[in-house]
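Engineer: Listed here are the chains, written in short residue letters.
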Amino acid sequence: MLRLEGIRKRFGPVEVLRGVDLEVKAGEIHALLGENGAGKSTLMKILCGILTPTAGTIRINGEEQHFADYDQATAAGIGIVFQEFSLIPYLTPVENMFLAREMTTKLGFLDRTAMRKRAQEILAQLDVDLPLDVPVRRLSVAEQQFVEIAKALSLNARILVLDEPTATLTPSETEHLFKVMRELRKQGVAIIFISHHLEEIFEICDRITVLRDGEFVGDSDVADIDNDRLVEMMVGRRIENSFPPKPALLPQAKILLECEEVQLRRGGPISSFQLREGEILGFAGLVGSGRTETALAMLGAYPAVRCKVKVDGQETRFREPADGLAHGIGLLPENRKEEGLITSFPILQNISINNYAKYRKNMWFIDMQKELASSEAAMKSVRVKAPNSHTRVDNLSGGNQQKVVIARWLNHSMKVLIFDEPTRGIDVGAKSEIYQLMRDFTAKGDAIIMISSELPEVIGMSDRVCVFRSGGIVATVEGDAITSEGIMTHATTGKARNVA
Amino acid sequence: QDKKLKIGMTFQELNNPYFVSMQEALNEAAKAIGAEVIVTDAGHDVAKQISDVEDMLQQGIDILLLNPTDSAGIESAVTMAKEKNVIVVAVDANASGPVDTFVGSKNRDAGYQSCKYMAEKLGGKGEVAILDGIPVVPILERVEGCKAALGENPDIKLVTTQNGRQDRSVALGVVENMIQSYPNLAGIFSVNDGGAMGALAAIEGSGKDIKLTSVDGAPEAVEAITKGGAFIETTAQFPRDQVRVGLALALAHKWGARVVPAAVPIDVRVVDSANAKDFSW
Amino acid sequence: MSPESTVASPSNPPRSVGSVFRKIFASPLALPLIGLIVVSVLMGLASDNFFSVSNLLNVLRQVSVVAILAVGMTFVILTGGIDLSVGAVMALAGTIAAGLMVKMGMPAGVGLLAGLLVGLGLGFFNGVLVAWGRMPAIIVTLATMGIARGLGLIYSGGYPISGLPSWISWFGVGRVGIIPVPVIAMALIYLIAWVLLHRTPFGRHVYAIGGNEVAAKLSGVKTERVKLAVYVISGLTAALAALILTGRLMSGQPNAGVGFELDAIAAVVLGGTAIAGGRGLIFGTLIGAVLLGILNNGLNLMGINPYLQDVIKGFIILLAIYIGREWR
Amino acid sequence: MSPESTVASPSNPPRSVGSVFRKIFASPLALPLIGLIVVSVLMGLASDNFFSVSNLLNVLRQVSVVAILAVGMTFVILTGGIDLSVGAVMALAGTIAAGLMVKMGMPAGVGLLAGLLVGLGLGFFNGVLVAWGRMPAIIVTLATMGIARGLGLIYSGGYPISGLPSWISWFGVGRVGIIPVPVIAMALIYLIAWVLLHRTPFGRHVYAIGGNEVAAKLSGVKTERVKLAVYVISGLTAALAALILTGRLMSGQPNAGVGFELDAIAAVVLGGTAIAGGRGLIFGTLIGAVLLGILNNGLNLMGINPYLQDVIKGFIILLAIYIGREWR
Ligand SMILES: Nc1ncnc2c1ncn2[C@@H]1O[C@H](COP(=O)(O)OP(=O)(O)OP(=O)(O)O)[C@@H](O)[C@H]1O
Ligand SMILES: Nc1ncnc2c1ncn2[C@@H]1O[C@H](COP(=O)(O)OP(=O)(O)OP(=O)(O)O)[C@@H](O)[C@H]1O
Ligand SMILES: O[C@H]1[C@H](O)[C@H](O)OC[C@H]1O
Ligand SMILES: [Mg+2]
Ligand SMILES: [Mg+2]
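Residue numbers (our numbering), protein chains in the order written: chain A, 294 to 793; chain B, 56 to 336; chain C, 236 to 563; chain D, 236 to 563.
Hints are not guaranteed to be accurate.
[Claimed, not checked] In silico DMTMM-like pairs for lysine to aspartate or glutamate, Cα to Cα no more than 20 Å straight-line: (1) 630/A to 448/D; (2) 457/D to 616/A; (3) 59/B to 459/C.
Calculated directly from the structure, the hints in this document are not laboratory data.
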């Protein structure tokens, strides 16, 4: 049905796609795999007419296509859910779904009832229930994700591209998405699915295509391949057991950070937790359960009703993240592009931005040599894939952007790091590197709070886990009690609003 | 009749000693007769001036003293005032429409005398420039008068006319550039003292010998003339007297007089180093 | 409706007075409206004349010119742009219209049409440069402001152009019943703007561009065309404002409306529209414009020293914005 | 160094003339600079006086006031804000300084200090409202503009305040060697600004806030303080500009500098700073300010009708921005 042949793409002097082939059949879920920066998103943008290839052909049902823009691609039956969200924050789900394709009455006015009805139908077909009259920025990430999918489907797309849709979903939401994908497959839709979660590939996909450094590595039926072989194709080497061993926690470990009571919303639950020297404390729970908000509240970046924090036994009040920084507490935010990166800065300055105390010169000035050396070291330690440290971050692939923000914090001497979804969008190879970096960090006696929606990660990395539900901690589990069943039971006993 | 007399006066601007002293004279006069005064400042915006008049009419003024920022544009306000039987006296500049009386300087004379004075001091020859202002009738008349006086001297050449918007800082830059482009400039006539003070700063900054004349008789100008230097003359107007006469005529209307003059031209007077010490508004 | 109110009335009862009230309160119009009411009450207490019908109509008439300019400005700001040229475009449109009638002796209709074309033309010029030229709106429209002022002065030679047919004054001072014509024009223009913004695809696209231009473009919104259209609309409303102003001034004034662009922007922002675009309501702008008008009128009625008026006005604007900042 | 230039000279040869040239060309300053050169050459061809040393110094001296205002404006715009109050703050600072010396008979030093404090104070006021009050900069500074103008008029009663000690004129018309004092002051202020922006953490934070305020905040930048600081700097440069203007006018003028905020913004944008913040160079602003000054001066020297000057200036600004739009 869809055939891409010899696609090449050059950005200035850098060639990021070097002759990639991809063939997808109708009614097939086709995984597109590769490391961060391998060129997956670029390839999909070419397919959708957003980028023009330097060379190569696109054929749909045998016919060669030249899309001048996204409109022409959608007209040819292609729909895409981008890696970066592309909704209008202040418009409602219905308005977003029909943007630029509004239904109108004969007089040219909006037919709002018709659009609403159609939106409800599409959402019902997806078995998703979400408020239709609220601006999408008020919806959870998962809800926004479903709005995007509904929007792509409202076009009657025959080829649907999903660029890392599951990165921001919890397991149950992912399951729900898969149900929808299977339904679409039954209807003959061809789906191109991008994900760094390899287990998902085996669960849902029929075929795979692997890219590495912009080159086509190979394709295969999922049935003919196993996990190790897949990883090898992607990374070019074997990856060891991805989680580093958990060191034994000292029984006498000092409490670095104690959150005595935090209440996010008026009338909401009140929680408390402690963070000990050398540990990784997992925050698990469904999307929207309040993990991010709790972390932000501690740093004074979210207006909680109340929030009492003790650092090293001293009661401390953080009015803003800068106070946290001063006390050695740093945050890796969950949305790297919106909350993490200064997109107008090169990698170098993104890493050094909050760290000038380290490169002072003559009291007030920046020691630029030191800045360069230390930031480049940090950049290398997380293996950012970029020409050099002067590269602008907005041209980096999603995963590499995440690494830049991680490098920012590793470049510091922090006592506590709060990592919100640290491996979201990170490829398998880099993931294990990040896990190792986290363990190296805690080995020095420092501690990490890791907010994660990936259960395996929570289980594999956490020394203890706080499970969140509707805005508060409902249980804290430790040691052998950290099991997926245990966590899920705590996290889901109660109603999840967005997913049936 | 126990109702207090209400006088409204709207000024084209209140950031000029000329109009501020007019306002002071008005306040004194009104106090003497026990009248209430409402004052507004149009800031050279006709639309605002119309609104200001409308608001005064809402307050039930009996007399409107009008110093229009634009003679034609203010007509609808005059009409509206007359519909409400308010007496309208234009001061300093005339307005279109059914104005009862206009009190203002002999502006053509003022321009004529300033430029005649300058021509004499220049010995009847040399390059001169005019620093123009906001295009309202009195200003236009001054320029006209000036050109007439210059025209009587065949060896005087008017090399440029530029607009300093009667504003000291604008005039400063404009005159600096004039001096650059006309290195032989010998004299400048400014349509009023606001612009003249900027021109003076530019002349002094250039260190050149350029003679400056102007119109108004503002305290600063008079002081500069007393000191001697580039500023040699200003043809004085009498703002306080304008408003006193204007108010008197308005009262005459109010009391039922029928032969009040429709226009009262007020004389102007040359102020130079000889008499500057003794002059003030 | 916000999620909060959904929670507050889970069973969705038939609309009671309370729920209507709650809905108004939850609307972004609530805060500008409260500001308007508070200021009006203050003015009413301070001055007996304030609440007379004649004075209220007077205020609305005075407000009409800026309020109409602010309609176009709302469209532009909603897309995340800005139009500093509106005052100058208005002046030029009025000057050309008057000039054609008076200096060239053309029929009044031709003059008025020419005025509209001037507005459309300069709006088009701005729009093309912003949308396809990708130039920053603030500087494009600043340049257009200079160009329009210059052209007006050249055309008129610096003199106001008077001597218009007397019926032109109907646009500025006429009445239908007791309602002044400018007020009726203003009301109509706001209605049309509301329909455009909230009942047509075009309006959606205006909001979408301000919300996230890249996403809008990716969704297939013809962003350049929409941006062109908002500047054209702004030029058009400037020309309509010129018509009313010309009726009020009975002359073409190349120097009219200096600084009106700032008043229009203030009205838009006071009305709750986000300066970054994407959010805001056209009737908020109307409220903002009226609020500014009431301030001018009320301070005049109270007989406050004109110098002090600027200061008080500044503080009241700050207060109004401060109160309204939360839901922005 | 931009990535392109790295790639263009992969072996990193010793700096040749060519590579320096290439580096200049790749810098964002290149385009404003080209614009400046082109316009200067045109002016030089059209007018013999243009390239005289005395005229060039004249241009620089004229430019100095707006150029200094534009320094503070650059800081503000880099954070994504805007400061419409600079002209009014400058006027108020000058008026108060002059008033204290003349009307109150205080020593000149006290007057000058008071002027600086006025600038700092109003900058602080703007900064607090924008940073902690979370109010839109455009409306806050618009209100401050009105307040400052009003206060100036109240304080002066509408009379310009003259009679300053004569040495004050040194700030406006003095010279060191042949270089006018305002030009020296301007040069110093630009140098300091450059150091602040490019050699201190504060400068990085200014750029970071303009680039992505949320990210800057979450990474521990004290965004409120930085924002406060840029408005304070803007108030300070307005006060310094006031000093020079007072020296030039030898009086305090509450109405001086009307519209200068727009000139300052134009200089910043012409100099290549993105109006949305995050990107731009302080020396670009200087080039922008000089470009504007040359336009004014050159068109005057050519004896072009002042009305036509506005039009020509508008088109040249558009052209300059159009040429420079690519790397924005
Ligand atoms: N506009 C651009 N200019 C220059 N380089 C670019 C641009 N867009 C992408 N690249 C580069 O192209 C490469 C491929 O990026 P792409 O986003 O396709 O990766 P990806 O496979 O989707 O990675 P991820 O899994 O991290 O999302 C990266 O090295 C990236 O830096
Ligand atoms: N302004 C808002 N108004 C209403 N609801 C909001 C608002 N902001 C956030 N929410 C909701 O509050 C919840 C916030 O959850 P938070 O981001 O803390 O959850 P989380 O457990 O970290 O999940 P995630 O994986 O999404 O980060 C979400 O359900 C979101 O929809
Ligand atoms: O007569 C006055 C004139 O109309 C003007 O506006 O400035 C002050 C005076 O010269
Ligand atoms: Mg990608
Ligand atoms: Mg979260």
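Engineer: Checking against the hints above, which ones are violated?
Structural biologist: 3
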